[in-house]
Amino acid sequence: MLPNDLLTAHFRIDVPHQKALKRLGIATVADLLYHLPARYEDVNDIQSVGGLQKDQEAIVFGQLSGLKTRKAWTSKRPISEGYIEDGSAKIKIMWFNQPYMAKMYNDGMYVKLVGKVTGTDGKLYIANPEVEKLDALPIDRHDSIFKGTDMNQADTIYPIYRETKGVTSKWFYHTALKCFEKGILDKLHDPIPEAILARYKLPALKTALVWIHSPKKANHAASARKRFAFEEVFYIQVQKALDRAAVSAASTYQVNTDKKHLAEFTDRFPFALTKAQTNSINSIINSFTKNHAMSRLLEGDVGSGKTAVAATTAYVVATSRPPEGKKNANLGVAPLSSLEFGNLQVAYMAPTEILAKQHFESFIEYFKHLPIQIGLITGSGCQKFPSKVNPEKPTSVSKAQLLKWVKNGEIPILIGTHALIYKSVEFKHLAYVIIDEQHRFGTNQRKALAKKDARLPHLLSMTATPIPRTLALTIYGDLDITLLDQMPAGRKPIKTDIVGPNQQGKMYEHVRSELAAGRQAYVICPRIDEPDPAKETALVLKSVKTEAERLKRDVFQDYAIGVLHGKMTPTEKDKVMAEFAAHKIDILVATSVIEVGVNVPNATNIIIEGAERFGLSQLHQLRGRVVRGTYQSYCFVVTESKSTKTRDRLKALVTAKNGFELAEHDLNFRGSGELYGQKQSGLSDLGMEAIKNLKLVEAARTEAQKLVAAHPNITRDFSLIAERVAKLGESLHME
78 MLPNDLLTAH
88 FRIDVPHQKA
98 LKRLGIATVA
108 DLLYHLPARY
118 EDVNDIQSVG
128 GLQKDQEAIV
138 FGQLSGLKTR
148 KAWTSKRPIS
158 EGYIEDGSAK
168 IKIMWFNQPY
178 MAKMYNDGMY
188 VKLVGKVTGT
198 DGKLYIANPE
208 VEKLDALPID
218 RHDSIFKGTD
228 MNQADTIYPI
238 YRETKGVTSK
248 WFYHTALKCF
258 EKGILDKLHD
268 PIPEAILARY
278 KLPALKTALV
288 WIHSPKKANH
298 AASARKRFAF
308 EEVFYIQVQK
318 ALDRAAVSAA
328 STYQVNTDKK
338 HLAEFTDRFP
348 FALTKAQTNS
358 INSIINSFTK
368 NHAMSRLLEG
378 DVGSGKTAVA
388 ATTAYVVATS
398 RPPEGKKNAN
408 LGVAPLSSLE
418 FGNLQVAYMA
428 PTEILAKQHF
438 ESFIEYFKHL
448 PIQIGLITGS
458 GCQKFPSKVN
468 PEKPTSVSKA
478 QLLKWVKNGE
488 IPILIGTHAL
498 IYKSVEFKHL
508 AYVIIDEQHR
518 FGTNQRKALA
528 KKDARLPHLL
538 SMTATPIPRT
548 LALTIYGDLD
558 ITLLDQMPAG
568 RKPIKTDIVG
578 PNQQGKMYEH
588 VRSELAAGRQ
598 AYVICPRIDE
608 PDPAKETALV
618 LKSVKTEAER
628 LKRDVFQDYA
638 IGVLHGKMTP
648 TEKDKVMAEF
658 AAHKIDILVA
668 TSVIEVGVNV
678 PNATNIIIEG
688 AERFGLSQLH
698 QLRGRVVRGT
708 YQSYCFVVTE
718 SKSTKTRDRL
728 KALVTAKNGF
738 ELAEHDLNFR
748 GSGELYGQKQ
758 SGLSDLGMEA
768 IKNLKLVEAA
778 RTEAQKLVAA
788 HPNITRDFSL
798 IAERVAKLGE
808 SLHME
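Residue numbers (our numbering): 78 to 812.
Because the hints were derived from the structure by calculation, they are not lab data.
Be aware that a few hints might be false.
[What the hints assert, rightly or not] Under the rule of at most 25 Å between Cα atoms (straight-line distance), these lysine-lysine pairs were calculated in the PhoX-like manner: (1) Lys445 / Lys465; (2) Lys622 / Lys278; (3) Lys169 / Lys131; (4) Lys247 / Lys294; (5) Lys445 / Lys500; (6) Lys242 / Lys210; (7) Lys153 / Lys622; (8) Lys583 / Lys622.
[Said to hold, decoys possible] Here are the in silico distance ranges between beta carbons for each label pair: (9) Asn183 / Ala326: 54 to 62 Å; (10) Lys572 / Lys719: 22 to 30 Å; (11) Gly643 / Ala295: 51 to 59 Å; (12) Glu442 / Ile558: 23 to 31 Å.
We put the CB at the ideal spot given by N, CA and C, even for glycine.
Work out the full structure: start from the sequences and follow the hints.
Now the structure itself:
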């Protein structure tokens, strides 16, 4: 058996099973060995249903039955309910105001439940429990991984692996042990140099694999997890160090300006720049003067003024001339032809059409007094400002005409969606790329945008997503990070309330009074955790429609209610948002699809239902939808959970001063913050856990930078590391 052998060469695996493994990215023996346990369970923690008492925080394993949805007798609120039994007894389980829960699970399903026991002594039930699906109970007397062992002698921890339909945690455990029996450990070579392992007291690969898949002691598992966490972060840092080296080696446009030129633009703003904005602008302008391209991440809460920073720095570039056409030995390219037209160019990419149009309109406001043309390119059409007929307004143009102007250098600023990186889009002198909420924009995409010119444009990636420092160091290790941590003067802070069970009447009363005063509101439906994407979409759709109908029938009878969800086409979403912006809709019931940057200043209230199902960072993003205008804004965080831990986590929303503070809270409370979970970052669960440890991240970064500096040709000198970096790069969506 060798690490790169297909599993099918050594084990009988049927086709459905192979497809299930493929979903988890597992085909070879090495893939299996690196599919690490998500966590460990301790047999001693399991409680029997028969022994549960009132007010106890219960952890029970058992089988579900009797799942159904009904309405409460008096309040008519929906309730999901059922039973869990484990052989000793059965107990009722209830979820209040969460009708979808009964549809997410099936009778007969094995689960782990965590929740508080409540009710009267005669009628106990577990309220709003957290549920985890299992392939089987951890100790069932027929097929236990502890079968044949003396429970007093054996260590009581056992691994739990991430599963997919068709492959169980138990299968991973047994198959890993069979690989050990077949002698795979003797065929493995440790990619991490011994000196690095020794410096940080990390176990060698062979030891670590045994300790992580089959630990005899909890501290062995912890030591192995630390090693693999370091390894994953180390590979990312090697990739980032290589990216930085590539950017440093490429030529770019050096752009210079002076204070007077800058003041001519910023003095016209109807507001004073904050100190944070001024510092950010200065950092970016300073980077423009260097002989290598800038790579920068600008982080700032919603409303902190990122667009003003983008517009000011775009102005500096769009009013600068390219170097005259002369032979430059350093560029390694043919001399530029004599310049018949144009200044340096700026490309500004937004994640959606709504936002691209919004930025286009903002830039028109900033630039309308200047002889600078601005283009807009999206999947549904193109525009140019100013119009020849009406210089105050933009005009629609054909895509072919717009592309011709861009190629000639006549349009210095082009704003768009991903349509910007189509092959048909060619720039004359692209010097600056601004990306809004699009973190996976690598060196290759920058090169693709610049195309014909060998120069690499400067890059500014902007985000309103608060990112913990360790995560920023890890995922964006190749970018310089600038924080906009100040809000403009006069902005009223949002008032946030946590609304518990049976407290919604007062909240609805407040929102009704706001609607009567001419304001608008968002209602965000809960996140639904369903592994099957098709089922998840159906459940989300049902929950949005059901909630909109309930609110119209029972709460807001006199107001127009609209819905917005991920299943709608971009055109349908745009139509609903346009109606909401025009105040044809009073209340918008939506999924978290609403979180990315839409600007409706008249919407001053947001109700977030099932708040315990969101990460703090995501709740903060959603709350940011209502801090756009001059009116006082309100956020209601609704939870049915009675758990003290959940309430404490949500309280951070009220007390934290900004998104950066919240992101750190999220990391500590929840591991990584749901917003930057595996789906977004591509990191494994273990990698996400690792980034809680700043020392580990900094150590991995230091070692990676030293390695790349000493060995620029990693592929030749450390082929195993190069292989792992390439493989990780695919999962991290790195370029």
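Pairwise beta carbon distance, Glu442 to Ile558, judged against the given window 23 to 31 Å
holds (28 Å)
If you draw a straight line from the CA of Lys445 to the CA of Lys500, is it 25 Å or shorter?
Judged against 25 Å, a Cα distance of about 30 Å means the pair is violated.
Lys242 paired with Lys210 [C-alpha distance capped at 25 Å]:
holds (11 Å)
C-beta pair Asn183, Ala326: status relative to the range 54 to 62 Å that was hinted
holds (57 Å)
Does the structure keep Lys153 and Lys622 at a Cα separation of 25 Å or less?
holds (17 Å)
Tell me if the beta carbons of Lys572 and Lys719 are separated by a distance inside 22 to 30 Å.
Cβ of Lys572 to Cβ of Lys719: about 24 Å, so the range 22 to 30 Å holds.
Do the alpha carbons of Lys445 and Lys465 lie within 25 Å of each other, as the hint requires?
Holds. Lys445 to Lys465 sits at ~13 Å (cutoff 25 Å).
CB-CB spacing for Ala295 and Gly643 relative to the 51 to 59 Å hint
violated (41 Å)
CA of Lys583 to CA of Lys622, is that 25 Å or under?
holds (23 Å)
For the pair we were handed, Lys169 and Lys131, check the Cα-Cα distance against 25 Å.
holds (13 Å)
Are the Cα atoms of Lys247 and Lys294 separated by 25 Å or less?
With a Cα-Cα distance of about 19 Å, the restraint between Lys247 and Lys294 holds, given a limit of 25 Å.
Given the hinted pair Lys622 and Lys278, is their Cα-Cα distance within 25 Å?
violated (55 Å)
When each numbered hint is compared with the structure, violations occur for hints 2, 5, 11.
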